[in-house]
Each structure stands twice: as structure tokens, then as C-alpha cells.
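Undergrad: Take these sequences, add in the hints, and give me the full structure.
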Amino acid sequence: MQRFTCPFCGLRDEREFSFAGESGKTRPDTAAEVSDADWSAYLFTGTNPRGRTDEIWVHTPCQEYFRMIRDTVTMEVLETVPLRRDPS
Amino acid sequence: MKRYSAFAIAREGFRAHKGWDRAWTAPEPRKNYDVIIVGAGGHGLATAYYLGRNFGITNVAILEKGWLGGGNTGRNTTIIRSNYLQDPSAAIYEKARSLYETLSQDLNYNVMFSPRGLIMLAQTHHEVRGYQRTAHANKLQGVDTEWISPTRVKELCPIIELKGPRYPVLGGLYQERGGTARHDAVAWGYARACSAMGMDIIQNCEVTGIRTEAGRVRGVSTTKGEIDCQKLGIVVAGHSGVLAQMAGFRLPIESVALQALVSEPIKPCMDVVVMANTVHGYMSQSDKGEMVIGGGADGFNNYTQRGSFHHIEETVRSLIETFPMVSRLKMLRQWGGIVDMTGDRSPILSKTPVDNIFINCGWGTGGFKAIPGSGWGFAELMATGESALCEAFSLDRFRAGRFIDESVAAGVAH
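The listed protein sequences derive, respectively, from chains A and B. Under my numbering, the very last position in the first sequence is 89; numbers go up by exactly one each time. Under my numbering, the very last position in the second sequence is 809; numbers go up by exactly one each time.
Mixed in with the good hints, there may be bad ones.
[What the hints assert, rightly or not] Listed next, the stretches of chain A that the computed footprint assigns to chain B, with coverage defined by at least 3 CB atoms under 8 Å from CB atoms of chain B:
#	region
1	26 to 32
2	77 to 89
[Unchecked claim] Some, not all, of what chain B presents toward chain A, calculated at C-beta under 7 Å:
#	residue
3	490
4	494
5	636
6	645
7	647
8	649
9	694
10	695
11	696
12	698
13	699
14	704
15	705
16	793
Derived from the structure by calculation, the hints contain no laboratory data. All C-beta atoms in this analysis are idealised placements derived from N, C-alpha and C, irrespective of residue type, glycine included.
TA: What follows is the structure, given as C-alpha cells:
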């Protein structure tokens, strides 16, 4: 099992965390007209990168969302930062 | 190609088995092919085979980054079934299952297809209703399945514990003609047949780029040089997104590691395949006697063919309730593969935004069972530009909202 660092609680077991979404992927403004292509791209098409990835995760016990930069091939966690701070 | 037969074994027996040919050749790539298939797994090789057999297209190269059948074809739990809910799925999986029945004869290669029967256990009332619905749907689709009682489940699989306590067995969806096959042999059999038709299977040849010109494919760059082609088929499962990016488009695919494990070999105790989707475990016994157990997928995207220990623990823990004997088994080994998941848990067999590039992916956690049907349909799509089997599985369905929603029926690893 891996251990991830919650920016608020420190190093914890992988099981305490959930993937929440891709970082930087914003929901189209549904008050305005959204094309089918944009909407389906938002819903279904991620970057699914091989290598470095930038994601939003949640630490279930403390319910805090945060950004995690990790590598999808080596499983290395490069950085975890609170949402309001930019990664280095 | 020398045919395999009892006579051939006897003949070779008299000359110290020195007369066997290599099952497939190991050529260097030529400069130009009519069709290049990227990925020499089951689906890629089956596509190439049916391109040759059904459409006479044999100027084909199949490029493989690693070794033939070394990806998900060699990493699955070898289960074959076609008890899907939606019509397009039932059509392609049933086509595959029926092709499996005669595949050994077609390929002159023993794929050890064993239609031993398959039960999907219903362990909640929701599942009871769901599987009864599937059984009705299957009747209309011409797929031979039936709803069976707990008593019948126990008759078919005596090692099962019906009473729970958490998840009692309330019945099951039984497909008598479902079963297993030797997964490596499926890849090897197709490879041998492709090679015999004059196709080039090029292993250890990674595609590093896709060349296009005016929205049309020209060829690929590989670690063994530039190769031109008229048509390109991308059949690379977990790495589909990487190849699509080379061609300049994106796919609605998430790559996730799915894992499986086997126990030590034991005496025959289970001659059906049992899937328990509520507790998320499924099990069959291999011819060697190992209990083959399918585990869960990691909850996040990754490209490591590894899996994680706590998922094994969860899978085995949940299986113990339904199969108490598992608690006495030692697990022998565990492995993972990268599966390509789509939003509706159905595959993509489609044209792409680039002319003459075709994609076959998204089989997710259940591609092995579909290999012959997928190859059959995808070859038709590549050769003629359309295929009734593939039509509903186009990339366009995510934009149009015409999902083939199997995520409830079969979203579990299978």
C-alpha cells in the first residue's frame, strides 16, 4: 500500500484518500450555451497522462480537498498542496 | 504452415521432434504496408487475422512494443461469457463466444476453450431483479442464459456457502455455454495463423510517433525506423490515450491498473466459473488446479502493471464469506494490467478524427472474452469503412449521448 501526504494531516494510508478530479478542468458555464462537444469533453475526456499528472484528491477523515502532483508510471508522489496554494 | 494434428505428433515422434516449424516468423519491418495494426495482443492479432481471412488483406504488419500477448491478453482471468444487457453488447460478445466454440479448429491451434458454465451470483434483491431482467433481455437477443435458484447454484458449485450472513446467495444468472479458454493460446493461435498468411508480426518495436498529412495517416515512426501505411489500427488497450495523442486527438479513456491472483494448485473442486459482483470477487479453477481470482481496480489512473496489496486483501476477504474454503488457501502470485475504461463501460470500435486511423479500445476490465468478435467487427470496419457489429460503439456516442450503459450490468471487473 502507498502512503500519501495530506497537507493538513501528514502521511496517511492510501485507503484514506479518494481521487476527486483532474486539476484545472473547469465545468463549462451551463448558464450560457454549451456545445455537445464541449460538454462531452468535460464529462468524459480527461488527459489521462502517462507520467506526471496534476489532480485533486480528498482526504476522507478530514474532508479537505487538495492538489496532488504525482507520476502515473512510477507511482511517486511529487507534491501535495492545499488548493489555495500553487505547487512549486 | 505445417498443420498440427495427431498424425503430425506421431510423425515427429519418430524423428525426435526436429521437424516442427516456428509458430510465427520474426521479420524485420518493410518500408510499406497496406495496413498496420499497433498492438499484438488478442484484439490486434484477431483483427489482422480476420482482415486476411474475410477480406483478403494480407499485406499487414502487427507492431508490438513488448512481446506478443504480453499485455492484458496474458493478464486476464480467461473468462468467456456474453450475458450482457444491452443489444449492441450482446451482439458483439455473443459473436465472440460463438467464434470461440470453433476457434481451435479455425486456427488449427488448441485454445482450450472450455464451455464449463458460468454463474453470476445475485446476492442482493437489486441483483436478483437486475439479473432476471438480463435473462429476459438475453432471451430476446438469442443469448442462451437462464435464471437459476440457490439450490441449483449449490448443485453446480458445491463449495459455495449460500447463507451469507452478510450476502446470502439468492439465485444466479447462468450461462451454460460460457467458460474459459487458454489466454496465451488465443494470442499464439492467431499469431501463427497471421504469420501463415504472410503477415509480419514485429515484436520489440515501439511506435514513437504517427505521421499524418492533410488529415490522413501516412505511417508510423518506430524504434525500428519509419514505416508507411494506408490504414492504421490502434489496438493498445491501456496505452490508447498515448497513441491517440501522437495522432493528435483525445479519447474518453481512463487507464487504471486491474489485478488478479492465483492460489496454489489444489485438486479439482469447482468446474464452473462463479462471479460474485456484490462482494466483488470472481473465481474459477484452472486446468493446473490453481484457483484464479479476479480482484479490484485501483481507484485512480495509473500505468503501473502492478496492482496494490490492500485490494488483494479486500478481494480475498470478501470471497471468504461466499467460498469459506478460500481461507485455507495460500495465494501463489499476483499481477496487474492496465485497463482502458470508458464512461459507459463499453468499448470503442471506431473511425477517428484522422482519416484511415481506426481505434479499438475501451474494453476495460473485460476484453478477453470479446477477442474474436472484436477482431471480426474491427476488421470489417477497417476493410469496408462500416460494420454492423461496431456501429453502436463509435467515438461519437459520447457526444451524441447514445451510451451503451453496461456500467450497472457489468461495470464490475470481469
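Undergrad: Give a verdict on every hint.
TA: Okay, the hints, checked on the actual structure:
1. 26 to 32: violated (count 0)
2. 77 to 89: violated (count 0)
3. 490: Result: violated, 26 Å to nearest chain A Cβ.
4. 494: Because about 30 Å separates residue 494 of chain B from the closest Cβ in chain A, which is outside the 7 Å limit, the hint is violated.
5. 636: Residue 636 of chain B check passes; min Cβ-Cβ to chain A is 4 Å, inside 7 Å.
6. 645: Check passed: Cβ of residue 645 of chain B comes within 5 Å of chain A, closer than 7 Å.
7. 647: The hint holds - residue 647 of chain B has a Cβ within 7 Å of chain A, the shortest such distance being about 4 Å.
8. 649: Where the cut-off is 7 Å and the nearest Cβ of chain A is about 6 Å from residue 649 of chain B, the hint holds.
9. 694: Since chain A brings a Cβ to about 6 Å from residue 694 of chain B, closer than 7 Å, the hint holds.
10. 695: Check passed: Cβ of residue 695 of chain B comes within 4 Å of chain A, closer than 7 Å.
11. 696: Holds, because the Cβ-Cβ distance from residue 696 of chain B to chain A comes to roughly 6 Å (cut-off 7 Å).
12. 698: With Cβ-Cβ at 5 Å, under 7 Å, it holds.
13. 699: Residue 699 of chain B check passes; min Cβ-Cβ to chain A is 6 Å, inside 7 Å.
14. 704: Holds. Min distance 5 Å.
15. 705: 5 Å, holds
16. 793: Since the shortest Cβ distance to chain A is 5 Å, the answer is holds.
The structure does not agree with the numbered hints 1, 2, 3 and 4 stated previously, though it agrees with the rest.
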